[in-house]
Every structure is written in C-alpha cells, then in structure tokens.
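Construct all of the structure, not just a fragment, from the sequences and the given hints.
Residues per chain are reported as follows:
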Amino acid sequence: MSSSKDADPTLGYLTRKDTEVKLPRPTRVKNKTPAPIQITAEQILREARERQEAEIRPPKQKITDSTELGEYRLRKRKEFEDLIRRVRWNVSVWIKYAQWEESQKDFARARSVWERALEVDYKNHTLWLKYAEVEMKNKFINHARNVWDRAVALLPRVDQLWYKYIHMEEMLGNVAGARQVFERWMKWMPDQQGWLSYIKFELRYNEIERAREIFERFVLCHPRVGAWIRYAKFEMKNGEVPRARAVYERAVDRLADDEEAELLFVAFAEFEERCKEAERARCIYKFALDHIPKGRAEDLYRKFVAFEKQYGDREGIEDAIVGKRRFQYEDEVRKNPLNYDSWFDYIRLEESVGNKERTREVYERAIANVPPAEEKRYWQRYIYLWINYALYEELDTGDMERTRDVYK
Amino acid sequence: MSEERDVHPDCRNASNPYHECTDYCFRVIAVAKLRMQQQQNQSEVAQASGGSRREEAIPNELYPDEGTHEDGPRPEENSDSDPDQPEPAQEIMEDGSFPKLSSRQKKWRELRAKMQEAKKHNQIEIANEKKRMEPPSESRGVSKQKWLEDRKRKIGKLLDANGLDMTKAYMLDTQEAAEEKYKKWEKDPAPFGWDVFNQRTLYNAYKKRTKNIEVDVEEYNRMKEADPEFYRDASSLQYGKAPKISEDKIDKMVQELKDRDAKRGSFSRRRTFREEKDVDSINDRNEHFNKKIERAFGKYTLEIKNNLERGTALPD
Numbered sequence: 001m002s003s004s005k006d007a008d009p010t011l012g013y014l015t016r017k018d019t020e021v022k023l024p025r026p027t028r029v030k031n032k033t034p035a036p037i038q039i040t041a042e043q044i045l046r047e048a049r050e051r052q053e054a055e056i057r058p059p060k061q062k063i064t065d066s067t068e069l070g071e072y073r074l075r076k077r078k079e080f081e082d083l084i085r086r087v088r089w090n091v092s093v094w095i096k097y098a099q100w101e102e103s104q105k106d107f108a109r110a111r112s113v114w115e116r117a118l119e120v121d122y123k124n125h126t127l128w129l130k131y132a133e134v135e136m137k138n139k140f141i142n143h144a145r146n147v148w149d150r151a152v153a154l155l156p157r158v159d160q161l162w163y164k165y166i167h168m169e170e171m172l173g174n175v176a177g178a179r180q181v182f183e184r185w186m187k188w189m190p191d192q193q194g195w196l197s198y199i200k201f202e203l204r205y206n207e208i209e210r211a212r213e214i215f216e217r218f219v220l221c222h223p224r225v226g227a228w229i230r231y232a233k234f235e236m237k238n239g240e241v242p243r244a245r246a247v248y249e250r251a252v253d254r255l256a257d258d259e260e261a262e263l264l265f266v267a268f269a270e271f272e273e274r275c276k277e278a279e280r281a282r283c284i285y286k287f288a289l290d291h292i293p294k295g296r297a298e299d300l301y302r303k304f305v306a307f308e309k310q311y312g313d314r315e316g317i318e319d320a321i322v323g324k325r326r327f328q329y330e331d332e333v334r335k336n337p338l339n340y341d342s343w344f345d346y347i348r349l350e351e352s353v354g355n356k357e358r359t360r361e362v363y364e365r366a367i368a369n370v371p372p373a374e375e376k377r378y379w380q381r382y383i384y385l386w387i388n389y390a391l392y393e394e395l396d397t398g399d400m401e402r403t404r405d406v407y408k
Numbered sequence: 001m002s003e004e005r006d007v008h009p010d011c012r013n014a015s016n017p018y019h020e021c022t023d024y025c026f027r028v029i030a031v032a033k034l035r036m037q038q039q040q041n042q043s044e045v046a047q048a049s050g051g052s053r054r055e056e057a058i059p060n061e062l063y064p065d066e067g068t069h070e071d072g073p074r075p076e077e078n079s080d081s082d083p084d085q086p087e088p089a090q091e092i093m094e095d096g097s098f099p100k101l102s103s104r105q106k107k108w109r110e111l112r113a114k115m116q117e118a119k120k121h122n123q124i125e126i127a128n129e130k131k132r133m134e135p136p137s138e139s140r141g142v143s144k145q146k147w148l149e150d151r152k153r154k155i156g157k158l159l160d161a162n163g164l165d166m167t168k169a170y171m172l173d174t175q176e177a178a179e180e181k182y183k184k185w186e187k188d189p190a191p192f193g194w195d196v197f198n199q200r201t202l203y204n205a206y207k208k209r210t211k212n213i214e215v216d217v218e219e220y221n222r223m224k225e226a227d228p229e230f231y232r233d234a235s236s237l238q239y240g241k242a243p244k245i246s247e248d249k250i251d252k253m254v255q256e257l258k259d260r261d262a263k264r265g266s267f268s269r270r271r272t273f274r275e276e277k278d279v280d281s282i283n284d285r286n287e288h289f290n291k292k293i294e295r296a297f298g299k300y301t302l303e304i305k306n307n308l309e310r311g312t313a314l315p316d
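Line by line, the protein sequences give chains A and B.
Throughout the first sequence, residue numbering follows the UniProt record's numbering, covering 1 to 408 in sequence.
Throughout the second sequence, residue numbering follows the UniProt record's numbering, covering 1 to 316 in sequence.
A couple of the hints might just be wrong.
[Said to hold, decoys possible] Derived lysine-lysine pairs resembling DSS-like cross-links, with alpha carbons at most 30 Å apart:
(1) A:K233 - A:K139
(2) B:K292 - A:K139
(3) B:K292 - A:K96
[To be verified] Ranges of calculated distance between the beta carbons of each label pair, as one might list FRET restraints:
(4) B:V196 - A:T64: 40 to 50 Å
(5) B:I250 - A:R46: 32 to 42 Å
(6) B:D278 - A:S92: 28 to 38 Å
(7) A:Q192 - B:I250: 31 to 41 Å
(8) B:R285 - A:T27: 33 to 43 Å
(9) B:F192 - A:T64: 46 to 56 Å
Simulated from the structure, these hints should not be mistaken for laboratory data.
Each residue gets a CB set at the ideal place from its N, CA and C atoms; glycine is no exception.
Following this line, the structure appears as structure tokens:
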C-alpha cells in the first residue's frame, strides 16, 4: 500500500486511495428469468433518436452598421486564424478562409491568404486552381495570368492547370497567347491527350497546315501505332489520300515489328479498301500475315477472311480460309502430337486443297509420331495413318513407285 | 391389437380401427341423439336441458375417471375437423348446469380462442414483414426498379408473341438501337471512387468545355493581320502581352465559370430519404457515420449481422 502512495507522481498530494472511484459493490442478480416486457435494441435507438434535442445554435443577428460589420469581421478573422494555427496542413481550412475574404470583397487580404496557403503547400494543384478561379471570377485578368504562369511553371506535369490556362486565354479571345502557352506545354512532351487538344485547337481555327506540323511532332514524340493511325485518319478526313498513304507507309516502315503492328496493318488495309484498292489491300494482308507471329494474328485472320469474302474470288477465299484452318491445326498438332484425330483432320484438309507437296509433308510428319507404348489402341490409329497414306499415294497421285515405297 | 376397444357402436368414428371412445365421443353421441329427439318433438325445446342432463349423466357415470385427463388433447385434435361439433355442446352449456362440464368447456374454449388469436397475429405479422421486405413504394416519380420490371414484362410479352426465348431478347432491337448498344459497350465504364478525376475524365471535361467556345473567324483574321508574331514560339518575348480584351469577352468568361460552378453542385445526386425500416443511429452525425461504415465494411459484416438478427449463428 505504501508503494502505491509514492508510485504515481502525477497525482500530486493526493494518494491513490483518495483518487480511486468509489462505486457500490455490484449486487448479485437474483432473478434470471426474462422480463415480461422485452425491449429490442432498435427500440432503444429509436427512442434515443426521438428524444434528441435540436442543435443549439447561436441566434441569428443582423448586422446593421459598419461597426457591427467590423466586429463581425474581426471575430471571423480571429476564428480562421486560430483554425489555421491549429491545422496548418489542412488545405480546406485555408481555402475556406480565402473564400470568405473574397466574399467580403477584400481582395488584398484574400490574396495574402492565398499566398500564405501556397507557402504551406505549393504542390497542391487544387489550391492553384481555386486561386486562379477566384482571380478570374473577379475579372482580374492579369493577376490571373500571373497565377497561372506560376502554377504552370511549378507543376508542369499537372495537365489540368495547362488546360484551364489555355481555356482562359481562348475564352478571352487571345488566340496567339493561347498558342504560345500550348507551345510551352508541348515542350514538356505531355501525354497523347495534350497533343490532341493542341491539334483540335488548331483545327478549330482551320489551321490545317499547322495541324499537320503538330502531327509530325506528335508522332515523333509518341512513336506508337495509335498516334500514326490518328495522323493518317486526320489526312483522310481532309481528303488527302496520297498523303495518308505516305503516312501509312512510313508507319509500316518504322513499326513493322512493334507489338501492336497488327492494328496498324488492319487500319492500313481498311484504308485501302475505302480507296477501292482491293489488290493493294490483299498485298497488305498477306504481308501482315507473313510478318506477324501466329499468336497474335487472330484478329487479322478474321478481317482478312471478311475482306476476301467481299472482294476476292473463290480461290482467294478458299486460300484464306484454308490458311486460317491450317494455322489452327498446326497449333493443335504441336500441342498434342499424339492426338491422331487432329492429325486426321489436318490431313483431310490438305487433301481437299489438293496440294501434293504439302499433303505428303504432313503425312510424313504424322507417321513420325510413333505411339509411345506397345498398346493396341495406340497402334490401331497409327496403322490407319499408314493405310491412308498408302491409299492416297495410290489413288490420288497414281504414283506406283511411291506406293510401293510406302508399303514397305 | 386388442379386440375389445372402447368403441360405442353409435360413435361416428367407430369405423376408424384406432379410435377409442372417450367422454367427448359420448357427448357427441348424446347430442346427436338429442337432435334426433328434437326433430321428433318440435315443441319440446325445453326438454333439451332435461335431456342433456340425462345424457350427460350417463358418460359421467360410466367413465368418471377418464373424463378429466382427456380434456387437454381432445379439443386440439378435434377442433380442426369438427368446427360445428362444439356448437351443440355449447348450446348445452348455455344454462351452465354442470360445473365439471363447463370448466372443461371453458378451458377448451379458452385454448381455442388463444389459438385463433395467435393465428390472427401471425397473419398480420406475415403481412407486415412482407411489406417491409419488398421495396417501399416511391413517393416521387417512378422508381428505377419498377421501371425496369415494367420493361422486362413488356419485353417478355413481345417475346412470347414472336415465340422467342428470353435469351434471344436482342432480336427485338432495331438496327439503330443495336448500334447504339455496341457503341456503349466499347466505351469504358465510368470511373468511381478515388478514380473519378483521372486523366481521361479531366480531358473529356476540357473537351466538353471547348465545345462552348465561339469561334469568331473575322476577328481571328483581323488579329492575324495585326500581329506579326501571330504564330508564336514558346520562347517568344511576346509572352503575357495580350491584345485589348473587350468587356463582353471577359463577361462571357466569368459567366462560363459561374456555369461550371453551378454544374458542380449536381455532380453527385441527393439520395432519397427512406423512412428507414431499421434505425441504427441516435443522431444525424451517427447516421452519416453508419452510412460510411456500411459502405466500407458492409459486405464483410453481413453474415455477422444476420446471425445477430437470428439470434444464433449458423453452423457453417
């Protein structure tokens, strides 16, 4: 007991015994049956809710003369300054203060509050946005320009600031200024959307030549398939077919090995179709199919088949379809070389095409896959392969020599 | 199976091989006999009491001990099958001549009354719960759910008319409608939560604003003539130097900003306030907090809440 008296220095002259809360010893519950009237938790909550008293608000006072206004302002300013002193890093408090000053039409003070806020956190783009908006709304154009300039210099990667700055200049009719800001922005090599908004800006004023130049820079800055396609589409929209073709060709030169090259090829081929150049389109498709590894050519195949159906003759269509199926079978037999069913299908396909060389080749490959175990059912199908081969040689090619070879 | 069962030959359940006549049966038999007697002598209504006394005496004599402990189960097992049976018995009770009979009767009647009341309460509760469970009717306008259900019904009717299945509902669309749908699918889904102001949405917002720009071509050309450095470079020294901007342009800009401000208000809509079936807050602040918590943890605590409501946890 004595140790506890000295142990707690915070209690000062009082001892632990004095400061202990003295509660009556809890009585034992004698009657454990449920009460006759039960109450639910929800009922308790509802009652509590109903018994809430209305919030106590200070009475509404009307300000009648300037001294009262002065007092009110003083009070509010004191409040705000206290708040800021407490939570310096809370941006919304600063914003509320600044906007209250604005509502009081005291712009010098408002500006000072904004500047202090920026001192705390200049990296916060909302602060800059709101500050500039305040200046703009109150028609202080040059002030607004200053603010925007600083914002854009400090946070060049925040696109929103650039957008709004340019929009302001454009709304004011200062197109040259807007253009200069755009140029400044493009120096930073922004995202695709930035470039596109610049191009749209130029097109709004029908400056097609300039738009073209910007496009050139754009595809240099973003050497991606999407960019090139947009460029070509822009040229198409202006009806400049040879230019568009040139663009596509350049793209193909540079991006033939890109991972999204098939999109480019598809777009190019569609362009040629629209120009009614079926032959060129076919060439492009073939080139693309040769170029692109089988894994990604799915879409391309589909488009090619559709194209052939529209423009090609029967042979072309068959060729395309056969190519597609061939590709599928290759896949299958690569995965399961012992799956004789797929081999059979493949062989039948080749036979229908009638290309002897290929058929023979496929047969050879098929019979190279000797079944693994000495089990009857594996060997059964394998034998069928042999038999089919022999028959084929005999019937289709009429080549007796080979048949004999095979039988051996 | 004993052959000697206590079955009165006049008992109507005599054909039932498992039936054993009890006091109630005898009472019933007595009543039936009484009715037959009444039919015979119409004028002697008063004899009913006398006759009953006689009939009641018989079962009391014969089976005095069986009477008492048959009271409980009897009314329950027979109440559903013979609703009209008690009537004549009650008739007899009117004058309350025999205390033993009336106490049994009374008890039986009480039990029956309790059962009926319980049934009634249950029905009411079922109806209330159903009303609570299904979505509340909208006070303002047509609710989205109702509209969707209506549409589904209409589409179903059309489908049936053409002999189609629900899975082939797309066959009802016209070509234009189908194209619209494809366009919508290709568009990315709208972002929500912290992602609302991503680059893409900001760009789209800017694009929308640019649609409001009025391009004045003559003024543009005039400016082009006036300014030698119209196509400025980024590093041009003309930076910041602006032509004299007319008042109305400034006003237009201010107006646009004010419009944007007003639009900002309708960014998130106000949800309808439902007279909440379940109240789980004592305050408005509490309610707001509960909403936030529900949003964050709702799907994880659903099971726990259900268990608490039920009172016991499920064994899985």
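Structure-based check of all given hints:
| no. | hint | result |
| --- | --- | --- |
| 1 | A:K233 - A:K139 | violated (41 Å) |
| 2 | B:K292 - A:K139 | violated (40 Å) |
| 3 | B:K292 - A:K96 | holds (24 Å) |
| 4 | B:V196 - A:T64: 40 to 50 Å | holds (45 Å) |
| 5 | B:I250 - A:R46: 32 to 42 Å | violated (56 Å) |
| 6 | B:D278 - A:S92: 28 to 38 Å | holds (33 Å) |
| 7 | A:Q192 - B:I250: 31 to 41 Å | holds (33 Å) |
| 8 | B:R285 - A:T27: 33 to 43 Å | holds (36 Å) |
| 9 | B:F192 - A:T64: 46 to 56 Å | holds (49 Å) |
Violated hints, listed in ascending order, are 1, 2, 5; each of the other numbered hints is respected by the structure.
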